[in-house]
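Student: Below are the chains, spelled out letter by letter.
Protein chains: 2
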Amino acid sequence: MKQKITIKTIAKELGVSTSTVSKALKDSHEISSETKEKIQAYANHYNYKPNNLALQLRNQKTKVIGVILPKIVHHFFSTVIMGIEDGANERGYNIMVCFSNESYKKEVETLKVLSNGSVDGLIVSIASETLENKDFNHFKGLVTEEIPLVLFDRVVDEILCDKVVVDDVGAGYKATKHLLDNGNKKIALITTPNHVNVGALRRQGYEKALIEEYIKTNENFIVEVDEKKDIKKQIEKVFDEDIDAVFAVNEIYAANAMRIAKEKGFKVPEDMSIIGFTDGLISEYSSPSITTIAQHGFTMGKQAVALLIDRIENESEVFKPKKIVISSDLKLRESTKPSS
Amino acid sequence: MKQKITIKTIAKELGVSTSTVSKALKDSHEISSETKEKIQAYANHYNYKPNNLALQLRNQKTKVIGVILPKIVHHFFSTVIMGIEDGANERGYNIMVCFSNESYKKEVETLKVLSNGSVDGLIVSIASETLENKDFNHFKGLVTEEIPLVLFDRVVDEILCDKVVVDDVGAGYKATKHLLDNGNKKIALITTPNHVNVGALRRQGYEKALIEEYIKTNENFIVEVDEKKDIKKQIEKVFDEDIDAVFAVNEIYAANAMRIAKEKGFKVPEDMSIIGFTDGLISEYSSPSITTIAQHGFTMGKQAVALLIDRIENESEVFKPKKIVISSDLKLRESTKPSS
DNA sequence: TGTCAACACGAAACCGATTTCGTAACTTTT
DNA sequence: AAAAGTTACGAAATCGGTTTCGTGTTGACA
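Chains as they are written, first to last, in full-length UniProt numbering: chain A, 1 to 340; chain B, 1 to 340.
What the hints contain is simulated information worked out from the structure, not anything from laboratory work. Please read these numbers as outputs of a predicted model, since none were measured by experiment. Among the hints, erroneous ones may be present.
Treat identical chains as interchangeable: a pair holds within one or across any two.
Calculated cross-link-like contacts (lysine-lysine; reagent style DSSO-like; alpha-carbon spacing at most 27 angstroms) [to be verified]:
id, residue 1, residue 2
1, Lys233, Lys322
2, Lys186, Lys71
3, Lys140, Lys4
4, Lys262, Lys112
5, Lys26, Lys105
6, Lys8, Lys267
7, Lys71, Lys262
8, Lys140, Lys49
9, Lys331, Lys71
10, Lys112, Lys337
11, Lys8, Lys320
12, Lys4, Lys105
13, Lys228, Lys174
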């Protein structure tokens, strides 16, 4: 990189001190307008830009927010990022994005790197491997160091910090209820393994809706997808059961279910209703398009970042973790029967 | 944030100088093993972590790469980010991600912020508004400041820097040729306005393939989609023409075409073949699934970041812009007739 | 016993800004 | 004319590290 122009250069060239330059550039009243003009003109001409690192070191803040996501090629997380970036920008922050790729080890490392003063705070959605391990010491470390932290979507109670979640139980209930209301009784659930708590919560909602209708949950109707294996094959198995509807906890599972249903000769939604989660492009462009729970990822991102920046800028405040619950909506499309 | 422990604290507590602490922590031979052990034990116990900002200021490098994308809720860009992050991590860099949201103004601002020393280099895909304006002074500024820059996918010749692109002409040709080879003659093209150069290049490939078969391009078969208006309506119009195939320059257009074709009663691929671009989830889960040009976003990201880091770490090298062309593959699926 | 090297450590400069405090040179007040 | 107040600027500390260049103390060797 080319030798950049600094305050020192300007000072030397113009025969003044660095303090004078600094003040002149901030239009301080301490400096005569004559000197100010001279300095400003010079700075302008040579396109002087204050060095951010120096400022960050001095101010002890970076105006950067670290974001760690399990993955990005996923409609929900993409929209969350958009929300975070948007909210951050509004308040003069930038975001530094990293991915854990669902790996515990990478999450620990990334957290370590980012917490070395590179960021003022962190927004994280926990990796599935970490949720499985149940080892959250790396997060607890952050808390004791008092580095502002906001968890979203995939959160755990053990970590004392602000959280933003969707009302997963309610959403699971809403989806299942919708199926029940339209005459479906034998509803399969395609979910994640139980350690991914959003999956577990959505399942709770599913079970709650069934119980209300005095339907016993049938374990054979429930598939816990292991993403390391072939997803489609695992989902296919539940179609051997006598089912008339599928509730999938994400888009991909729903799209797979749709495909399998069609292959098996079911008519959607006449013989088989399908509801997904995450209102992404797959659901929208599938045919028939898929009824789904819209998670409002953008809103979640904005809320998370607002929470975080408030925390960063009001350190003095007594620490009382907040939890924001974002409601989710059922987006009716063609894969379920119209409400009767 | 809690008062963090610094080298100064350690020095004071242990009654040594900061230089001694610094050296001890780097296991310098200048320090007696006795003192080293004492200092290291202390640092370890109090979980000392060197302040990144201080190091960055001193070393004049941040080990951070800025990435500016037009959007993220898009399979191609998501995969590119993954590639960039992956490649960056391998070489000890982090990425700072921003979005221009296709806006010229935001691109300029973001570029200004990031080039203040916050990053060692930049990877950018140009906003469509900027391409339309043809105002690239903000990029030229970077070049004269000698801040390493790599453009990918949406690039322009005016900017002298490294570039990574897909072989858009070739890909457009490949897609069109495939349609022609399978008996389609009246091929519609759903593309972007001409200022988005990837669209223009893919169109060139399309035209080239037609010319080879002595088919005159029919302007009525070509739709330049304005994303500010209703996408579907614009695409629908071309179906009024007598066409037997559609080549769309991205997933969304292809999915829309698929939907319209089905609505109009065409059988895909018997009556109507469809080829898309970007091998994303929509193409995969559409039914019938969509034949598409796979762009290898991950590879592009990795190549771009490798190019950038090489540039960052070998500033001495004479500057000769490199251009890497990533080949793209035709991924055959159900929306086109099997090769005869 | 004087000299020199090795050892172990500290002082101070440096990265690029900001900011407090001091002060010389005027101007105003009494 | 002395005291007080302005004006316009500079010196130096600071942020948290690294690194160069001393320097005092040993011990070995001639």
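Student: Now look at each hint and say whether the structure bears it out.
Tutor: Hint by hint, here is what the structure shows:
For a Cα distance limit of 27 angstroms, the shortest separation of Lys233 from Lys322 qualifies neither inside one copy, at 41 angstroms, nor across copies, at 45 angstroms. When the C-alpha separation of Lys186 and Lys71 is checked against a cutoff of 27 angstroms, the pair qualifies neither within a copy, at 33 angstroms, nor between copies, at 41 angstroms. For the identical chains of this complex, Lys140 and Lys4 are inter-copy neighbours only, at 16 angstroms across copies versus 41 angstroms inside a copy, given an alpha-carbon limit of 27 angstroms. Neither within a single protomer nor between protomers do Lys262 and Lys112 lie at most 27 angstroms apart by alpha-carbon distance, with minima of 47 angstroms and 52 angstroms respectively.
Taking the shortest alpha-carbon separations for Lys26 and Lys105, only the inter-copy value of 25 angstroms comes in at or below 27 angstroms, while the best intra-copy value is 46 angstroms. Proximity of Lys8 to Lys267 under the C-alpha cut-off of 27 angstroms is found in neither arrangement, the shortest distances being 75 angstroms within a copy and 72 angstroms between copies. Taking the shortest Cα distances, Lys71 and Lys262 never come within 27 angstroms of each other, neither inside one copy (29 angstroms) nor across copies (33 angstroms). For a Cα distance limit of 27 angstroms, the shortest separation of Lys140 from Lys49 across copies, 16 angstroms, qualifies, whereas the shortest one inside one copy, 38 angstroms, does not.
Proximity of Lys331 to Lys71 under the C-alpha cut-off of 27 angstroms is found in both arrangements, the shortest distances being 24 angstroms within a copy and 24 angstroms between copies. Taking CA atoms no more than 27 angstroms apart as the test, Lys112 paired with Lys337 passes in neither setting, with 50 angstroms inside one copy and 52 angstroms between copies. In this homomeric assembly, Lys8 and Lys320 never come within 27 angstroms of each other (Cα to Cα): the closest approach is 45 angstroms inside a single copy and 32 angstroms across copies. In this homomeric assembly, Lys4 and Lys105 come within 27 angstroms of each other (Cα to Cα) only across copies, at 25 angstroms, whereas the closest approach inside a single copy is 38 angstroms.
Taking the closest pair of Cα atoms, Lys228 and Lys174 never come within 27 angstroms of each other, the shortest separation being 29 angstroms inside a single copy and 34 angstroms across copies.
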